[in-house]
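Protein chains: 4
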Amino acid sequence: MAYEFKIVRRVEFSETDMAGIVHYSNFFRYMEAAEHAFFRSLGFSVVTNQVDPPVGWPRVHAECDYREPLRFEDEIEVHMSVTEKRSKSLKYDFVFRKLNSSPPAEVARGSLTVVCVTHHLGKMTATAIPRNIAEKIEVTPGRAS
Amino acid sequence: MAYEFKIVRRVEFSETDMAGIVHYSNFFRYMEAAEHAFFRSLGFSVVTNQVDPPVGWPRVHAECDYREPLRFEDEIEVHMSVTEKRSKSLKYDFVFRKLNSSPPAEVARGSLTVVCVTHHLGKMTATAIPRNIAEKIEVTPGRAS
Amino acid sequence: MAYEFKIVRRVEFSETDMAGIVHYSNFFRYMEAAEHAFFRSLGFSVVTNQVDPPVGWPRVHAECDYREPLRFEDEIEVHMSVTEKRSKSLKYDFVFRKLNSSPPAEVARGSLTVVCVTHHLGKMTATAIPRNIAEKIEVTPGRAS
Amino acid sequence: MAYEFKIVRRVEFSETDMAGIVHYSNFFRYMEAAEHAFFRSLGFSVVTNQVDPPVGWPRVHAECDYREPLRFEDEIEVHMSVTEKRSKSLKYDFVFRKLNSSPPAEVARGSLTVVCVTHHLGKMTATAIPRNIAEKIEVTPGRAS
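Chains as they are written, first to last, in the working numbering: chain A, 36 to 180; chain B, 36 to 180; chain C, 36 to 180; chain D, 36 to 180.
It should be emphasised that the hints constitute simulated quantities derived from the structure, not laboratory data.
Please note that a few of the clues may not be correct.
Okay, derived cross-link-like pairs now, DSS-like style, lysine-lysine, Cα gap no bigger than 27 Å in a straight line [to be verified]: (1) D:Lys-133 / A:Lys-41; (2) A:Lys-41 / A:Lys-158; (3) A:Lys-171 / A:Lys-120; (4) A:Lys-126 / B:Lys-126; (5) A:Lys-41 / A:Lys-171; (6) B:Lys-158 / B:Lys-41; (7) D:Lys-41 / A:Lys-133; (8) D:Lys-123 / D:Lys-41; (9) D:Lys-126 / C:Lys-126; (10) D:Lys-120 / A:Lys-41; (11) B:Lys-126 / B:Lys-171; (12) B:Lys-133 / C:Lys-41; (13) D:Lys-158 / C:Lys-133; (14) D:Lys-171 / D:Lys-120; (15) A:Lys-171 / A:Lys-123; (16) C:Lys-133 / A:Lys-158; (17) D:Lys-158 / D:Lys-41; (18) A:Lys-171 / A:Lys-126; (19) A:Lys-158 / B:Lys-123; (20) C:Lys-133 / C:Lys-41; (21) B:Lys-41 / C:Lys-41; (22) C:Lys-41 / C:Lys-126; (23) C:Lys-158 / D:Lys-133; (24) A:Lys-41 / A:Lys-133; (25) B:Lys-41 / B:Lys-123; (26) D:Lys-171 / D:Lys-126; (27) B:Lys-158 / D:Lys-158; (28) C:Lys-41 / C:Lys-171; (29) C:Lys-171 / C:Lys-126; (30) A:Lys-133 / B:Lys-158; (31) C:Lys-133 / B:Lys-41.
Let's have the full structure, built from the sequences with the hints guiding it.
Have a look at this one:
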């Protein structure tokens with residue numbers, strides 16, 4: 036069972052804005068990239084056909100606190116932790132660190148709450164997380180779920 | 036003095052993802068579009084040279100609660116309200132409504148906290164909101180600031 | 036029958052990059068926005084269920100020539116013309132004009148070639164443009180098709 | 036001296052659209068990512084202060100031919116080659132291959148023409164490529180420059 040994952044990526048030019056820093060909306064893309072890499076580390080794709088019926092994971096809450104800006108070519112670590120696990124939803128916390136500063140500096144923190152859904156006739160319905168996925172995910176030790 | 040603004044826009048194809056809905060990060064772009072239109076309605080550009088020294092408005096907090104998905108060509112209203120006004124920062128709340136449903140449905144709520152900064156040698160420093168801007172913005176009546 | 040369409044839009048902050056100008060990839064999003072508005076002007080959505088089976092319009096070629104940069108809050112006109120119409124494909128040409136310069140200045144030109152496809156088991160197959168769509172689109176007069 | 040570079044990346048969820056494939060505009064972001072990695076491989080950042088005055092590289096032409104779609108989590112190789120080198124401009128060609136097909140399949144080809152510029156009072160002026168950059172870049176053998 037797993038409860039955390041880290042990815043490292045480099046800020047791309049197209050992620051910056053005219054203020055010379057990463058546009059704040061892109062931190063939410065970085066969070067999602069970490070989440071999906073976490074799923075892959077468990078042997079699943081987040082858009083898996085490995086469960087029947089297929090499930091999706093729409094977000095019901097997203098937030099981010101920004102402490103320091105990120106700039107082009109900064110190397111960043113996104114550290115994701117599972118901090119809540121319910122029958123139909125998960126909550127992840129994220130810490131962003133800029134690795135090319137000395138020492139590495141925390142630049143932002145965020146969180147996502149996602150719900151497991153099935154799709155039927157264009158409607159999404161919350162559903163229990165499939166057992167083969169749920170049994171591989173646990174809450175970060177020391178965190179109340 | 037003004038405390039709110041509404042924009043209407045249509046969901047574009049490039050804002051959707053493979054789940055067939057607007058990618059959750061784009062709600063933060065919609066919020067920013069409303070904020071900037073609000074500034075224009077006051078006679079300012081958010082990247083104005085109308086104050087000396089020029090100021091910027093980096094985000095220190097952003098969040099969104101998603102209730103219903105948005106899809107391609109949905110017509111949405113983004114209603115922004117100023118809910119906090121401090122010497123160096125503003126907080127905005129946002130309500131997203133889907134106009135092409137009957138009746139128009141609230142699909143999401145969000146908020147942004149932004150700080151007024153000046154730039155010097157690549158560093159951003161929090162600064163008092165310039166008076167000619169501050170005197171045009173007030174907090175939504177009925178909201179404690 | 037129609038062969039052209041114009042949209043006007045304002046450059047958004049999130050469309051700029053650290054060079055202070057619209058990121059070059061966004062011109063392709065602007066082209067698509069004009070194309071989809073053209074379809075709406077004909078009474079269709081580009082992801083229509085008004086034809087059976089539903090069709091899609093993937094791009095097989097895209098290009099753009101950039102003459103002048105666009106900046107935040109520039110007001111731009113995207114003028115689209117149909118310059119080729121074949122049984123299974125369309126070609127559009129685009130002219131970008133910056134309206135907030137005097138006189139309005141041409142800043143870029145682009146083109147897209149799109150193919151009409153149906154989807155089956157995850158594969159796309161080129162198909163004839165449905166008659167009720169094809170009969171509403173013609174090639175810009177003076178252009179060889 | 037160098038004339039080519041390859042990067043490998045995995046398609047992210049936020050790069051897809053409601054057709055279930057990578058939005059065509061994102062191929063231009065992939066091209067730029069390869070270009071910037073090529074510059075780093077030469078010891079430069081594309082937004083370098085290692086030359087005085089600093090230079091930028093706006094695009095004057097961009098194009099892409101799409102043969103097969105890319106989907107979420109596809110692993111792609113972007114192979115960039117320098118195919119023209121002039122005093123003030125460079126042309127790059129790109130081949131996109133999908134590595135998670137057997138055998139790896141070419142899915143797209145593109146090209147970019149970029150001009151070296153300096154910035155002065157908000158205007159960009161074409162300038163000779165700085166010698167310490169130019170002397171590290173050559174045209175792909177077998178290509179006429």
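Hint numbers contradicted by this structure:
2, 6, 10, 16, 17 and 19
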